[in-house]
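> Sequence:
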Amino acid sequence: MAGMAAANSIGMAQSAVISPQEQAKYANMSCADLRQLTSNYEMAQGAGPAPKKYGGMAPAGKMAIVNQVIGTRLAYLKQLIGSKGC
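Residue 86, in this note's numbering, is where the sequence shown stops; the numbers in between run on with no holes.
Simulated from the structure, these hints should not be mistaken for lab results. Remember, predicted model here, so these are calculated numbers, not experimental data. One should not assume that every hint holds.
[As the list claims (entries may be wrong)] Distance windows between CB atoms, simulated: (1) 85 to 59: 36 to 44 Å; (2) 64 to 28: 24 to 32 Å; (3) 60 to 31: 35 to 43 Å; (4) 59 to 30: 19 to 27 Å.
[To be verified] Computed cross-link-like contacts, DSS-like style, restricted to lysine-lysine with a CA-CA straight-line distance of at most 27 Å: (5) 25 to 78; (6) 62 to 78; (7) 62 to 25; (8) 84 to 25.
Even glycine gets a Cβ: it sits at the ideal position worked out from N, Cα and C.
Based on the sequences and whatever the hints tell you, model everything.
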């Protein structure tokens, strides 16, 4: 159980980071692509896993990491869209 908690805490720390490679990928996207990606992340925010995975109920730690990743990406994409003047 302690291993799972440690893995989840490492995952949480990494989930709030957008790598330079991701930043470069997003910077090279068109405004339409950025808006579509933002829309996809907004739809995924708060959604649970597919019924095939975890029987539709993911462990709380994993859901927290996923929600952190989505929130981080959404905030970055919205800031990038604003700075590009899209």
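> Given the hint of 24 to 32 Å, is the C-beta distance from residue 64 to residue 28 inside that range or not?
Taking Cβ atoms as reference, residue 64 and residue 28 lie about 30 Å apart, which means the hint holds.
> When you check the alpha-carbon spacing of residue 84 and residue 25, does it fall within 27 Å?
OK: residue 84 and residue 25 at ~14 Å, within 27 Å.
> Holds or violated: are the alpha carbons of residue 62 and residue 25 at most 27 Å from each other?
It holds: about 25 Å lies between the C-alpha atoms, which stays within 27 Å.
> Is the gap between the beta carbons of residue 85 and residue 59 within 36 to 44 Å?
Holds - the Cβ-Cβ distance for residue 85 and residue 59, about 41 Å, lies within 36 to 44 Å.
> With respect to the beta-carbon atoms only, verify the hint that residue 59 and residue 30 lie 19 to 27 Å apart.
At roughly 37 Å between Cβ atoms, residue 30 and residue 59 fall outside 19 to 27 Å, so the hint is violated.
> For the pair we were handed, residue 62 and residue 78, check the Cα-Cα distance against 27 Å.
holds, 24 Å
> Honestly, do residue 60 and residue 31 meet the 35 to 43 Å range at C-beta?
Check passed, 36 Å falls within 35 to 43 Å.
> Check the hint pairing residue 25 with residue 78 against an upper bound of 27 Å on the C-alpha distance.
Distance ~15 Å between residue 25 and residue 78 Cα, so the pair holds.
In summary, the structure is inconsistent with hint 4 from the numbered list given earlier, while agreeing with all the others.
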